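> In order, the protein sequences belong to chains A and B.
Using this note's numbering, the letters of the first sequence map in sequence onto residues 1 to 204.
Using this note's numbering, the letters of the second sequence map in sequence onto residues 1 to 558.
Just so you know, these hints were derived from the structure itself, not from any lab.
Since this is a predicted model, take the numbers as computed values, not measurements.
Check the hints yourself; a few may be wrong.
[As the list claims (entries may be wrong)] List time: in silico DSSO-like cross-link candidates among lysine-lysine, alpha-carbon distance up to 27 Å:
#: 1; chain 1: B; residue 1: Lys437; chain 2: B; residue 2: Lys274
#: 2; chain 1: A; residue 1: Lys161; chain 2: B; residue 2: Lys388
#: 3; chain 1: B; residue 1: Lys68; chain 2: B; residue 2: Lys82
#: 4; chain 1: A; residue 1: Lys183; chain 2: A; residue 2: Lys55
#: 5; chain 1: B; residue 1: Lys148; chain 2: B; residue 2: Lys516
#: 6; chain 1: A; residue 1: Lys183; chain 2: B; residue 2: Lys70
#: 7; chain 1: A; residue 1: Lys183; chain 2: B; residue 2: Lys68
#: 8; chain 1: B; residue 1: Lys398; chain 2: A; residue 2: Lys153
#: 9; chain 1: A; residue 1: Lys147; chain 2: B; residue 2: Lys388
#: 10; chain 1: B; residue 1: Lys516; chain 2: A; residue 2: Lys153
#: 11; chain 1: A; residue 1: Lys150; chain 2: B; residue 2: Lys480
#: 12; chain 1: A; residue 1: Lys161; chain 2: B; residue 2: Lys391
#: 13; chain 1: B; residue 1: Lys124; chain 2: A; residue 2: Lys88
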Amino acid sequence: MSEKNNDVSRREALKTLGVGVVATLPVLGAVAQAQDHSMNDHMNHGAQKTAAAQKPAALKFFTAAENQTLIEMSERIIPADDHSPGAKAARVSEYIDMVASIASEPTRKEWREGLAAINKMSRDMFTKDFAEATEAQQIKLLTEISKNEKAPKTVEEKFFKLMKNATLDGYYTSEIGIHQELKYRGNTYLKEFTGCTHPEHQQG
Amino acid sequence: MFTQSGKNIYDVIIIGSGAAGGVTAKLLVEAGLKVAMLEAGALRDQWNDFAYHDPFPYEMENRGIGQKAKTALFREKYSFIKNPDEPYTTPKDLPYEWFRARNVGGRTMFWGRFINRFNAVDFKPRSYDGMGKDWPITYAEVQPYYDKAELFMGVCGTQENHPDLPDSKYLLPPVAFKCADYLIKRACAKLNMRALPVRRAMLTKDYHGYKKCHFCAACDNGCETHSFFNSAFRIVVPLMKTYPRTFTLIPNAMARSVNVNAKGLASGVTYVDKTTGKTAEVRARAVVVACGTLETTRLMLLSTSPLFPNGIANSSGMLGQNFMEHLDARAQAFLPDLSFSPNYAGDGIGGSHIIIPWFGYDRPKNEFDFVRGFHIEPSARLGQNPDKNPKGFAGFGKDFKTEVRRWYGTRVRLSAHGEMLASPNKFVELDKETVDKWGVPVLKIHHPLDDNDRRMFKRIRQTYEEIFTAAKGVDITLPKSPDTPGASIHEMGTAHMGDDRKTSVLNKFNQAWDVKNLFVTDAAAFTSGSHKNPTVTIMALAWRASEYLLSEMKRGNL
Chain A
1 MSEKNNDVSR
11 REALKTLGVG
21 VVATLPVLGA
31 VAQAQDHSMN
41 DHMNHGAQKT
51 AAAQKPAALK
61 FFTAAENQTL
71 IEMSERIIPA
81 DDHSPGAKAA
91 RVSEYIDMVA
101 SIASEPTRKE
111 WREGLAAINK
121 MSRDMFTKDF
131 AEATEAQQIK
141 LLTEISKNEK
151 APKTVEEKFF
161 KLMKNATLDG
171 YYTSEIGIHQ
181 ELKYRGNTYL
191 KEFTGCTHPE
201 HQQG
Chain B
1 MFTQSGKNIY
11 DVIIIGSGAA
21 GGVTAKLLVE
31 AGLKVAMLEA
41 GALRDQWNDF
51 AYHDPFPYEM
61 ENRGIGQKAK
71 TALFREKYSF
81 IKNPDEPYTT
91 PKDLPYEWFR
101 ARNVGGRTMF
111 WGRFINRFNA
121 VDFKPRSYDG
131 MGKDWPITYA
141 EVQPYYDKAE
151 LFMGVCGTQE
161 NHPDLPDSKY
171 LLPPVAFKCA
181 DYLIKRACAK
191 LNMRALPVRR
201 AMLTKDYHGY
211 KKCHFCAACD
221 NGCETHSFFN
231 SAFRIVVPLM
241 KTYPRTFTLI
251 PNAMARSVNV
261 NAKGLASGVT
271 YVDKTTGKTA
281 EVRARAVVVA
291 CGTLETTRLM
301 LLSTSPLFPN
311 GIANSSGMLG
321 QNFMEHLDAR
331 AQAFLPDLSF
341 SPNYAGDGIG
351 GSHIIIPWFG
361 YDRPKNEFDF
371 VRGFHIEPSA
381 RLGQNPDKNP
391 KGFAGFGKDF
401 KTEVRRWYGT
411 RVRLSAHGEM
421 LASPNKFVEL
431 DKETVDKWGV
441 PVLKIHHPLD
451 DNDRRMFKRI
461 RQTYEEIFTA
471 AKGVDITLPK
481 SPDTPGASIH
491 EMGTAHMGDD
501 RKTSVLNKFN
511 QAWDVKNLFV
521 TDAAAFTSGS
531 HKNPTVTIMA
541 LAWRASEYLL
551 SEMKRGNL
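Next comes chain A alone, as it looks inside the complex (with noise of 0.2 Å):
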């Protein structure tokens, strides 16, 4: 669509901003050299996630086998969908594992508890763990502690909600969230700002 054509290449950018800046403020010995830092960061957002993307980081917490049961459990909360990739894609794992690492002794502890809850009831639900569950039955399970999420009470409907939140935190703060899921474009040149173009917003 047009939204498309209005991103201005970063020569394009650096070219016609340059220009104007240099010509009305040629205010500091190193401004040439600034500036291009400046617009450099200002354009390149997520320049450095490509490559990052490669290699899954190390976990900072988690087991492996833990980390298998948060990769299938945050696929199951905000999964693929025709829209944009979900939650693995986006590894919300690794951000769950980074806020693992980070948080309190008693936080922790709710984690690594609430996942082996988790696996206890899928073994007595399914006789697996839950990351060996077909999608069907993580999906049972996890319809059935989430009842409550108002209201949780049990350690696994506790869990639910702690997982809940890590994962809508880690998905809607990822490239994938922001840019593929909820398509937001602000916070970058853009030559045009085409505002609205839906008929149905501008009758009447």
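Put chain B on the given structure of chain A with help from the hints.
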């Protein structure tokens, strides 16, 4: 650095570098005067003292957990409400939030850039409804200066022939409406209210050598193209560059008194150099005070002498009186009509793209149980840190994900500024028991709400509900009370102009009645406050006062 000596005297000292100080400096320096500008804060480095944009969370270490955004850090460094070094006091139970900037450019480094002219009624409110005070000037007298200020800054918008908002011939193209703007405009139309394209000091095309807005909408972080008008990089720094011999910026200089000579004329300014704590004096043929209303009045109250024991130019006793700001309140709702179609083009120029001017001019006067009016600034901003689950949906999975997307970008906020009347209960004075870091008495601010304010607040709240209901909003959150006084950051009056030297501090040219070479060009000079964002009026009046000062100097009267 410049040291003051008998022979090295400036033509004019300007205290303050914001909207008022900036315009005054521009006019006087360009006319050939030798000017010193004192600013209580630092000159921010263009490339190192602004965030420009904050990284997205995924670009930050630990997703930003436990870290403050760069913008917030800069905001704390260069502005504050509470600061142990620079306190102020209020009566118990009457809180007041006094936002102060300490950087070259003053509060224009943080402002919302709304350009709303006062109209003919705003200058003569007493003639209109019998309350408050008329200004000693008319809209017709100020109109050419509005033109000049707007032409200088570059203001986007449209001509609308609205009774509340005088038109301008010099507007840059308006900024496109967001989806929510159309819905709010339609809702207003149902209520017999008009919503107009906003007028803001934002360049929507290249202008006077500055690039047009690039629509990153991160305006709060600073604007590297200065498409967002600010006094530092659109006035002060260019003056330093062009007039290095006649324009001197003295940063980190906290003025503590305007001095008078034996003839009762202003002779100079004593200030504290905040970097060393030492006191120094600069001298000049005239002094312009433009510290940002309340700081202006504090400085004048502190400037005592045998001739002016109650503060310089205060023979009327009105210094500190006639204090006004704006009545602020805000509301929000979610508009289901925006579902699945948030504005994918970004956040535009940041903040409002439309404005709902005061609609009372088209109504019978008896429709309202209060005097004066308010306007509403609607905004629908997505922001780079998205609402994760604003409506608190339960559950998980595809349906849940879809619900989050459905409501993303559907939140609309309404924010009003209402006119407040001056009253004997609203004033500022020196609190001699409390001193700042440099031992100087601080201000005590008295700003109780009155009945007119409370009645207007009810109507603002009702109007919010009507607009959101007409826009089919859900989860409408209405304000329980107005924002804490001071929230508008629109302090006005306390050294106001008038026709009579017995009842006002300044004449109609912002010149002190008692001290002819002393001028006040910020909003302290305001006689009444209207509900309009004050900056463009400050700039217009500073422009007009500066022309008058120049002509008086030319005639040998100063």
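> Next step is simple, just say for each hint if it's right about the structure.
Do the hints match the structure? See the list:
Simply put, Lys437 (chain B) and Lys274 (chain B) have alpha-carbon atoms about 10 Å apart, close enough for the 27 Å limit, and the pair holds. Note on Lys161 (chain A) and Lys388 (chain B): the hinted pairing holds, with a Cα-Cα distance of about 14 Å set against a maximum of 27 Å. A distance of roughly 18 Å separates the Cα atoms of Lys68 (chain B) and Lys82 (chain B); the hinted pair therefore holds under the 27 Å criterion. Pair hint Lys183 (chain A) plus Lys55 (chain A) holds up; C-alpha atoms about 25 Å apart against a cutoff of 27 Å.
For a cut-off of 27 Å, the pair hint linking Lys148 (chain B) to Lys516 (chain B) stands: about 25 Å separates their Cα positions. Taking the CA atoms of Lys183 (chain A) and Lys70 (chain B), the gap is near 24 Å; set against the 27 Å cutoff, the hint holds. As the CA atoms of Lys183 (chain A) and Lys68 (chain B) are separated by approximately 25 Å, the hinted pair is consistent with the 27 Å bound. Proposed proximity of Lys398 (chain B) and Lys153 (chain A) is supported: the alpha carbons are some 25 Å apart, at most 27 Å.
About 21 Å separates the Cα atoms of Lys147 (chain A) and Lys388 (chain B), which keeps this hinted pair within 27 Å; it holds. Proposed proximity of Lys516 (chain B) and Lys153 (chain A) is contradicted: the alpha carbons are some 75 Å apart, above 27 Å. The suggested pairing of Lys150 (chain A) with Lys480 (chain B) holds, with an alpha-carbon distance near 26 Å, which does not exceed 27 Å. With a CA separation close to 16 Å, the supplied pair Lys161 (chain A) and Lys391 (chain B) stays within the 27 Å bound.
Proximity of Lys124 (chain B) to Lys88 (chain A) is assessed by CA-CA distance (about 65 Å); at most 27 Å being required, the pair is judged violated.
Checked against the numbered hints above, the structure breaks hints 10 and 13 and satisfies the rest.
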